[in-house]
Amino acid sequence: MKKDETPITRQKFIEELHRYRKGSVTRRHFLGVTGLGTAMAVLGGALPMLRPGPALAGDIGDRVILATWPNYHDVANFDLFRDQTGAAVQVNVFGSNEEMLAKLQAGGSGWDLFVPTNYTLTTYVEADLIEPLDLSKLPNYDAAAFEARFAEAGTVGGKLYAVPKNWGTTGMAWDSGKAKAPFTSWKEFFDVTRTDFSGRTIVHDYQLTTIGSALKYFGYSFNSVDPAELAEAEKLLIEVKPHLFAITSDYQPPMRNGDAWLTMCWTGEGKQLNRDLPEIRFALGKEGGEIWSDYYAIPKNAPHRDAAYALLNFLIDPQVNTREALAHGFPVADARVNAQLPAELLNDPILHPAAELLNALEFGAAATLTDPNRAELMARFKSA
Amino acid sequence: MAISQRMARAILLAPAGLWYAVLLVLPLIVVLVYSFGERGAAGGYAPAFTLAQYANLGARWTAFQNTLLLAPAGTLAALLIAYPLAYFLALRVSARWRTTLLVLVIVPFWTSILIRSYAWIFLLGGRGIPQLLSDLGLGDLRLINTPFAVLLGIVYGYLPLMVFPIYVSLEKLDKRLLEAAGDLGAPPWRSFLQITLPLSLPGVATGSMLVFILLMGEYLIPQMLGGGKVFFVGNALVDLFLQSRNWAFGSALAVTLVAIMLVTVTLYMRFLKRIGAARDDVGLM
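One line per chain: the protein sequences are A and B, in this order.
Take 1 as the starting number for the first sequence in this note's numbering and just add one per residue.
Take 1 as the starting number for the second sequence in this note's numbering and just add one per residue.
Excised from the complex, chain B in its bound form (with noise of 0.2 Å):
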């Protein structure tokens, strides 16, 4: 019984564990393993043993300053955004026009991101918006091609991905400890403040993080909205395969980008552990 339960289990995690095996775990051996090789003489790989990619990193500083001031900027903006945006959906809306918003917040999903991303292009170009600033006499503005437009467009195309989570956290939240806390004279920004807004901490982290990870891993956006100038590391990683073919570098870049996302998650985890502790000894929860 005990053995045909282990066989079980382990039929079932077998299709995931090889999909992780195959197409994750292996992948990233080898990027470690090219990590500590050279360039190879047209290019590509050759083995060695060298640290010396990962010692010219700093060659590579701007895009990864970029990356890592961007990424949390981008994710900060985004929940700044979609926390309202949750809250208006899951309790301020009547549940009959509740299903049509949620649509429309979706449906930015049906068109690809590039073909958003390139109405961005006219939509921030000259002819775009700076035409119309200038038309009511508001000065000679330029936003393709700039920080800030890398900025909006990252922000568009994650917002839905914010949004989700916390509307479901607020969602499930019990109305009636909002009544409670009512009944015993907490003015509203109070019982937010000690209710709703603890109980939604799980929706907030997880959009955090899956905006975070998405943002620290962008190319598209800063490629399409930055004109090659506001490079994201993703964008530095795609250049060193695709145009200076320099794979060694290349993968310990990838190595390092790799490395400070798991520390930043763990990091930020950890916070959510203590914040989520802290409340448990208040007694909160």
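Looking at chain A on its own, in the form it has when it is part of the complex (with noise of 0.2 Å):
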């Protein structure tokens, strides 16, 4: 308290400010160096609306970045946490997760908290670009109440590194008012394009279920790597592209306005459309595909990182990830949820396939994300 005593000189308080505007000093630093603190406190006993809310008492500062995919949380918890802590959540979305390690791997990214799949963690732990959790921060983490399958890739070399948000899994979804049959296949997926859906079909702009569901088209792994394979798979998506209306992972707006008839869907957005457009179905591809689990980590020299553990804290309380699971619709690992949401949801076929479908699915492995060839067949057949 010794600083609050000695009155601060004006350049001395515009450097303060300066400082802590670049945030390379913390809120608290700032009010105690400057006598802000002492000033506030006072100002707050005397007029109550002054009184700091909990975010002062807290002390995370007033912002924190989130990366994370499209449609993916409701907006109303970020408003909550906001009045709760003080810190607005920003909100950066992704369409792939070879785009969100490439932003981390240039450095300097601003992540507080971002979403990565499971496959990737090993990558992230193996470059130090994530940092293992600290449980004391996360009190509404519980280990107990997660489906292993769900939740193992979370772990990489006996560390904590990741904890789960939603699995799922990557089908198709289409309008019914515009199909002669329903869909069932990659095959159907890819043949209907050339043909009767020409010119309405959109594919994700990421490598993995774009080209692991055209290598399902040939019943090869949706994870293959190997070169004659992985020939076949480009061959089909060139010879698709002119049938495309788009390569782009955000695919709601034009499958929402009729633009689009028919895209590559993952299981919760093709529950939101489902739910909105009773016309739009989703199916799993019988030959198989992707299943999926997506984490919560926390980047290394994540700029505000108290206000990161306190945003994940409250993303994985029972409750707001309650309202969270409703609003987008994806399946949750965590069994406290599941206790809450309603049995419709959980018996929906949509966001819980039958056994036998969920069997022939495949998690993405470690090697697709890095895998060259996956990786520059993308980008050439984008720019064919």
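These are calculated hints, taken from the structure and not from any lab test.
Careful: at least some of the hints might be erroneous.
[Unchecked claim] Under the rule of at most 30 Å between Cα atoms (straight-line distance), these lysine-lysine pairs were calculated in the DSS-like manner:
| no. | chain 1 | residue 1 | chain 2 | residue 2 |
| --- | --- | --- | --- | --- |
| 1 | A | 235 | A | 187 |
| 2 | B | 229 | A | 241 |
| 3 | A | 187 | A | 241 |
| 4 | A | 187 | B | 229 |
| 5 | A | 178 | A | 241 |
| 6 | A | 103 | A | 241 |
| 7 | A | 180 | B | 229 |
| 8 | A | 286 | A | 241 |
| 9 | A | 180 | A | 235 |
| 10 | A | 103 | B | 229 |
| 11 | A | 180 | A | 286 |
| 12 | A | 235 | A | 178 |
| 13 | A | 241 | A | 180 |
| 14 | A | 159 | A | 137 |
| 15 | A | 300 | A | 103 |
| 16 | A | 178 | B | 229 |
| 17 | A | 103 | A | 137 |
| 18 | A | 300 | A | 137 |
| 19 | B | 229 | A | 286 |
| 20 | A | 159 | A | 103 |
| 21 | A | 235 | B | 229 |
[Unchecked claim] Heads up, incomplete: computed chain B residues facing chain A, CB under 7 Å, no partners named:
| no. | residue |
| --- | --- |
| 22 | 228 |
| 23 | 239 |
| 24 | 244 |
Backbone N, C-alpha and C fix where the C-beta goes; we use that ideal spot for every residue, glycine too.
The two chains are supplied separately, each in an independent frame; assemble them into the complex guided by the hints.
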């Protein structure tokens, strides 16, 4: 408190203000050094409306930056978090794990919390891009609540680096008013695109699912890195390209306004589309495809680490997470949340497909993310 | 005296020189060095000395093709639209209205190009102009995610950059020359071709260069209005750095794009110089 007693010079105040604005000192340091903390405490006592909210009590800063996927949160939860803590959540939306990895590899992403998929975590740990989680800051985390197959990728080398967010599958969604018959396979997906649905199909801007599904057309593994099999997948994709509506992972707007009739689709988004427009159906390819589990992780050098832990702990609170799940529709791996979700959601055929369909699916593999041939194939396909 | 003058010059040039050295020359050297390297194991860059990246350029031929077709086409379309507009603003509008109309040309710049491009997504999408046309019985037209949509977007986005240089050169035009031509019996089309057009060529040249150079590096509009299907070299570059993480190949692509631009711009300047020289020979200026 010594610093509070000596009045600060004007110049020193401005210097401190700059440092605080740049983020090189914390709010607590700034308030302490400048004496504003004492001033506010005094004023706050005298004037109730100036009393600091929980934000100042928690002192986690005024913002937290979350890198995540499209349509993956309940925005009302972010408002609630801001009201409770004073930290506004800035959301950066991404379309592929490659894009996230590239941003983190390049450095200075500025993210505090992000949402990587199961198969990327070992790469992040090897590249020293994420940090082990400090469980003392995550009282809402309960390892026992998670189904092992959706949580195990979060532990690398015996250390917990990531906690599960949601799991799901990658299938296809289509406008049943335009289709002659329901889609059941990736073979139909690519064949109908070249005939009845020409100019109406969307594939993801994401090598894992776009190449993976093309591999499934031929019955190969979703994760194949075999050059001969990849060459076949590439040939198919290049042939199909003139018949595509777009290559994008943000496929909901064109599906909703009728520009596109068929798209590769993640479960929860299939559910969102089907809920709002019942004529849009969702199915998995019977050849198989992807099952995935997304995680929350904290990058090394997160600029607002305290806020990141606060937000993560907030989001895995079962009540909050239940509202998240109700908003975005993706299945949750947390039993505490499932206990609160309505039965029709838990028995939903889109979200929880029949066991035999689920058994045909594969988790993405670490090699699929880093394989240079798959990466280059996708880039070639897009610029073809 | 001479020394202090030299010192003064050095001091005055230092900020700009430093700026270019640190932010242009150094990065260009890095890009050049990287372009002879290899992709790192998990992506990124690994040191090497190989021409493999340049040998692979053919894999991005379509992106070059799109860029080299749509950038000049966009520049030409912008020129054809901008010239009459600039002519009208500079020579036909009363001074009272001129400022207002000029401001109207700039107004779009008050909103981010990103937001304006989003507007085009809706205008060109199935519920936009195509819906209107089909309601009028004009058939099933698809606009969004086509080369036409990209062309429209780039012309729309860069039109003001073409209008202003041409406007400035026309506005400076000595109107007595036109009166003299009229007095000497030249019909309006002839005084336009022999006086107005040649004297506005510097504006045309500046505007075209400005728009062409920006279009060659365009990324945003093809991304938004091309649906990931109409790729420019800029899009291929972003992909190589942000998706497939092949910095070496991306650098080779960037070096090639810069080289193509240097050659094109040099040829264009030479062409303009020759026109200027020819004009001087005829004794027009």
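Of the hints given before, which are not true for this structure?
-> none
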